[in-house]
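Visitor: Letter by letter, the chains look like this.
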Amino acid sequence: MAAREIRVYPDPVLKQVAVCVISPDPGVAELIQDLVDTMRAAGHSVGVAAPQIGDLRRVVVVDVSSSKLGQQQPNHGLLEMVNPRIIEHGGSRVFREGCMSVPEYTGNVTRAERIVVEFTDRAGHRRVIESHGFEAVAIQHELDHLDGLLFLDRVSSLKTDVYRRKTA
Amino acid sequence: MHHFALTVVGRDRPGIVAQVTEILFNLGCNIADSSCSILGGQFAMILIISHPVFTGRDSFGNAFEPLEAADLTVALRVLKPGGELHPDLAGEICMISVYGADKPGIVYHVARVLGDKRINITDLNTKLIGSEQRPVYVMIIEAVLPADVSEEDVDLWMGPLREQLQIDISVRTIPQVEL
Numbered sequence: 001m002a003a004r005e006i007r008v009y010p011d012p013v014l015k016q017v018a019v020c021v022i023s024p025d026p027g028v029a030e031l032i033q034d035l036v037d038t039m040r041a042a043g044h045s046v047g048v049a050a051p052q053i054g055d056l057r058r059v060v061v062v063d064v065s066s067s068k069l070g071q072q073q074p075n076h077g078l079l080e081m082v083n084p085r086i087i088e089h090g091g092s093r094v095f096r097e098g099c100m101s102v103p104e105y106t107g108n109v110t111r112a113e114r115i116v117v118e119f120t121d122r123a124g125h126r127r128v129i130e131s132h133g134f135e136a137v138a139i140q141h142e143l144d145h146l147d148g149l150l151f152l153d154r155v156s157s158l159k160t161d162v163y164r165r166k167t168a
Numbered sequence: 169m170h171h172f173a174l175t176v177v178g179r180d181r182p183g184i185v186a187q188v189t190e191i192l193f194n195l196g197c198n199i200a201d202s203s204c205s206i207l208g209g210q211f212a213m214i215l216i217i218s219h220p221v222f223t224g225r226d227s228f229g230n231a232f233e234p235l236e237a238a239d240l241t242v243a244l245r246v247l248k249p250g251g252e253l254h255p256d257l258a259g260e261i262c263m264i265s266v267y268g269a270d271k272p273g274i275v276y277h278v279a280r281v282l283g284d285k286r287i288n289i290t291d292l293n294t295k296l297i298g299s300e301q302r303p304v305y306v307m308i309i310e311a312v313l314p315a316d317v318s319e320e321d322v323d324l325w326m327g328p329l330r331e332q333l334q335i336d337i338s339v340r341t342i343p344q345v346e347l
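Chain order of the listed sequences is A and B.
For the first sequence, position 138 matches number 138 in my numbering, and the numbering has no gaps at all.
So the mapping is simple: my numbering equals the position in the second sequence, first residue as 1, plus 168.
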C-alpha cells in the first residue's frame, strides 16, 4: 500500500483501454488502496484512475469532499469504484479541466451535469448512485481514463465556438 | 534559444497554414504557442517560434518572401529573453459576455473598467452579427480575477455600462479543476 507515481502523457498506458476486473481478484483491494494513497499524496487531487498509476484494470477512486468546490454541494465522500459504468446522464456544464497526467494544460470541457453510475465497491457490493455537479464531472473524467481518453479528447471549444453557426 | 513572435495575415484560403509552416519547418524553427483564426475574410496567424541558432530578424534572410508574394502580410518580432514564458496567472477564470445593438465604444468601455480594476484579459473575441439594418455586437472576454475580486464585483462594475450603452452583460466564473 503506497502512493504510486502518476504516469504522465506520452506514457502509452494512458491511451490504452482498461479491462474489467473479474471477481474474485484479490489484488483489487491493494490497487484501490494504492489509488486512494496516490490521490491523498497528490494533495489537491479529487480522483485517480488505475491507468494513471500504470494498472490497466477498470478501477477509479474519487473524493471531492475535501476540495473547496466539492464542499459546496452534496457528494458521496470517498468513492471506490470497480468496473464503473455510467447508465444515465443529463444536463451539461462546462469546467476548465486539468489533469495530473497532462501537466500545464487546461481546457474547457462540457460534461453531463448529472449521472447515474453503477459500480462494484471495495467490499464487492454492487452499487448505483446518482451524482451531480463537480463530483459527476470528476467521475466522468476518471472513467474516461479507463477508455484511454484524456480531457484533451473532449475539449469542446476554442472559445470562439459561440460564433460558429450554420447559416441556412 | 531565441524566441520570436511571428504574425501572418491575409485573405483566407486553403493552404496558408501549410505554406507558412513549411517555411518554418525547413528553417528548423519550433512552433511553441500559436493561435490562428478567421477574422472577417482574413486568416490571422500569431505564433511564438524559436530557433536553436537564429538570433535576430536577419537570421531569417528572405525566407518569408514567398508569403509576401502570396499576398500575406508578415511581421516578425524578436522577443527579449523570457518573453516566451507564460505568466503564472493565479485566480479564477471569468467569462464576460457582452452583446447589444452595435454602437461605438463597447470594447473600449468594458476594457477600461477591467483595466482600471487590474483584471487581466486573457482572451477576447468580438463579432458583428445580426442584419445590416439591425447590427448586433457580440464580445466574449476571458479574464483572470485577482484574489480580492469576485464574480459579483465584476457584475456590479458592469452595471453602469449596461445603462450607459444599453447592452447586455453577463458574468460567470468557470470552475477550474485538476482531476
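Read the hints as simulated data drawn from the structure, not as lab findings.
The beta-carbon is built from N, C-alpha and C at its ideal position, and this holds for glycine as well.
Just so you know, not all the hints are guaranteed correct.
For each label pair, taking beta carbons as the anchor points, the in silico distance ranges come out as [stated by the list, open to error]:
#1 A/H76 - B/A238: 54 to 60 Å
#2 B/N288 - A/P10: 27 to 33 Å
#3 B/Q210 - A/H76: 28 to 34 Å
#4 B/E319 - A/L152: 26 to 32 Å
#5 B/D336 - A/G77: 51 to 57 Å
#6 A/G91 - B/L247: 41 to 47 Å
#7 A/E88 - B/H254: 22 to 28 Å
#8 A/G54 - B/E331: 57 to 63 Å
#9 A/G27 - B/D291: 42 to 48 Å
#10 B/G298 - A/D121: 50 to 56 Å
#11 B/I206 - A/Q33: 34 to 40 Å
With the Cβ distance kept under 10 Å, some of the chain A side facing chain B (calculated, not the full set) [what the hints assert, rightly or not]:
#12 Y9
#13 C20
#14 S45
#15 V48
#16 V64
#17 S67
#18 S92
#19 V94
#20 R96
#21 M100
#22 V137
#23 H141
#24 F151
Over 10 Å on every C-beta distance to chain A, these chain B residues come out as not near it, computed from the model [said to hold, decoys possible]:
#25 M169
#26 F193
#27 R245
#28 G273
#29 D323
#30 P343
Visitor: All hints, please: hold or fail.
Guide: Hint check results:
Evaluation of the 54 to 60 Å hint for A/H76 and B/A238 yields a pass: the beta carbon distance comes to about 59 Å. For the pair B/N288 and A/P10, the beta carbons lie near 32 Å from each other, so the given range of 27 to 33 Å is met. Checked against the hint of 28 to 34 Å, the C-beta distance between B/Q210 and A/H76 comes to roughly 51 Å, which is inconsistent with it. Between B/E319 and A/L152 the CB atoms are about 27 Å apart, so this pair conforms to the stated range of 26 to 32 Å.
For the pair B/D336 and A/G77, the beta carbons lie near 41 Å from each other, so the given range of 51 to 57 Å is not met. Roughly 44 Å separates the CB atoms of A/G91 and B/L247, a value that falls within the hinted 41 to 47 Å. The hinted window of 22 to 28 Å between A/E88 and B/H254 is violated, with their beta carbons roughly 40 Å apart. Between A/G54 and B/E331 the Cβ separation comes to about 58 Å, which falls inside the hinted range of 57 to 63 Å.
A hinted range of 42 to 48 Å for the beta carbons of A/G27 and B/D291 is consistent with their spacing of about 46 Å. Judged by the Cβ atoms, the range 50 to 56 Å given for B/G298 and A/D121 holds: they are separated by roughly 54 Å. For B/I206 and A/Q33, the hinted distance range of 34 to 40 Å is not satisfied, since their beta carbons lie about 52 Å from each other. Taking 10 Å as the C-beta cut-off, the interface hint given for A/Y9 is violated, the closest approach to chain B being about 14 Å.
For A/C20, the interface hint is violated, the least distance from its beta-carbon to any beta-carbon of chain B being 22 Å, above 10 Å. Given hint, A/S45 at the interface with chain B, holds; its Cβ is 7 Å from that chain's nearest Cβ, closer than 10 Å. For A/V48, the interface hint holds, the least distance from its beta-carbon to any beta-carbon of chain B being 9 Å, beneath 10 Å. Annotation: interface hint on A/V64 holds; nearest CB of chain B at approximately 9 Å, less than 10 Å.
The interface hint given for A/S67 is met, as the beta carbon of that residue sits about 8 Å from the closest beta carbon of chain B, less than 10 Å. Contact between A/S92 and chain B, as hinted, is not supported at the beta carbon level, the nearest pair being about 14 Å apart and thus beyond 10 Å. For the restraint placing A/V94 at the interface with chain B, the shortest Cβ-Cβ distance is roughly 6 Å, inside the 10 Å limit, so the hint holds. Evaluation of the A/R96 hint against chain B yields a held restraint, the C-beta minimum of about 4 Å falling below 10 Å.
Taking 10 Å as the C-beta contact cut-off toward chain B, the hint placing A/M100 at the interface holds, the least distance being around 7 Å. With a cut of 10 Å, the hint placing A/V137 at the interface with chain B holds, because the nearest CB-to-CB distance is about 7 Å. Given hint, A/H141 at the interface with chain B, holds; its Cβ is 4 Å from that chain's nearest Cβ, closer than 10 Å. Nearest Cβ of chain B to the Cβ of A/F151: about 8 Å, under the 10 Å cut. The hint holds.
With a minimum CB-CB distance of about 19 Å to chain A, B/M169 clears the 10 Å threshold, and the non-interface call stands. B/F193, annotated as away from the interface, keeps every beta carbon of chain A farther than 10 Å; the closest lies near 21 Å. Under the 10 Å C-beta cut-off, the non-interface status given to B/R245 relative to chain A holds; the minimum distance is some 24 Å. For B/G273, the non-interface assignment is confirmed: its Cβ lies about 21 Å from the closest Cβ of chain A, beyond the 10 Å cut-off.
The claim that B/D323 lies off the interface holds: its Cβ sits roughly 19 Å from the closest Cβ of chain A, which is beyond the 10 Å cut-off. At roughly 5 Å from the closest C-beta of chain A, the C-beta of B/P343 falls inside 10 Å, breaking its exclusion from the interface.
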